[in-house]
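Student: So the chains spell out like this:
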Amino acid sequence: AQTVTQSQPEMSVQEAETVTLSCTYDTSESDYYLFWYKQPPSRQMILVIRQEAYKQQNATENRFSVNFQKAAKSFSLKISDSQLGDAAMYFCAYRSSNYQLIWGAGTKLIIKP
Amino acid sequence: DGGITQSPKYLFRKEGQNVTLSCEQNLNHDAMYWYRQDPGQGLRLIYYSQIVNDFQKGDIAEGYSVSREKKESFPLTVTSAQKNPTAFYLCASGRQNNNEQFFGPGTRLTVL
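Protein chains in written order, with the working numbering: chain H, 219 to 331; chain A, 5 to 116.
Keep in mind the hints are simulated off the structure, nothing from the lab.
Be a bit skeptical, because a hint or two may be false.
[To be verified] Taking lysine to any residue pairs in the SDA-like style, the calculated list, with each CA pair at most 25 Å apart, reads:
no.	chain 1	residue 1	chain 2	residue 2
1	H	296	A	45
2	H	291	H	219
3	A	75	H	318
4	H	326	A	104
5	A	87	H	321
6	H	296	H	268
7	A	13	H	266
8	A	61	H	251
9	A	75	A	64
[Stated by the list, open to error] Over 10 Å on every C-beta distance to chain A, these chain H residues come out as not near it, computed from the model:
no.	residue
10	229
11	233
12	243
[Claimed, not checked] Covered by chain A, per the in silico footprint, the following chain H stretches (three or more residues, Cβ under 8 Å):
no.	stretch
13	257-267
14	315-328
Please read these numbers as outputs of a predicted model, since none were measured by experiment.
No residue lacks a Cβ here, since even glycine has one placed at the ideal position from N, Cα and C.
Make a model of the complete structure from these sequences and hints.
Tutor: Set out below in structure tokens:
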């Protein structure tokens, strides 16, 4: 069975600085998708970025980018120029072959002004 | 506007009572999902449905039931058999076999 691990329960970063959130996963599948979702205090789950496993190029969405290391089964999220609005819980998720999402436990990101 | 709605936002229930959480979407998505979120944990899948009149159990289906009579609607009933129902419940939808799930705003259920 697939598993997703986020080893950092909480991270903090100074406003305008860069922070990296870690995620590792375990799977025997070769074709899959990985996601980072953001859950602000409103608790609305919002998709931040998506990575297809067959693509070697790391996905980028404005200030958000990933470092996808398929062999190491690692999928970290880098947030550049951190803003106060980035404060939230961040969840890493793996989409299995039956289209279900498997979730990590989340990392709470604190932005220091 | 297109989206997913869940109601109510907050729900209180006495022990021994069944309660139904609403989830409606107007995105024309085939697939719908129910998740439970507890503090310090990721989301856990309760039930999902890929098509009308069909649904499958997720990882923690015991004590819950669902129906999918319409494409737009996927209500979740928390029964008295659910031993620890106090949690935050999230509904999601997506195109069949697609990669992204869109989430509703959630319902906070508290058992008194």
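Student: What hint numbers does the structure not satisfy?
Tutor: The structure breaks none of the hints.
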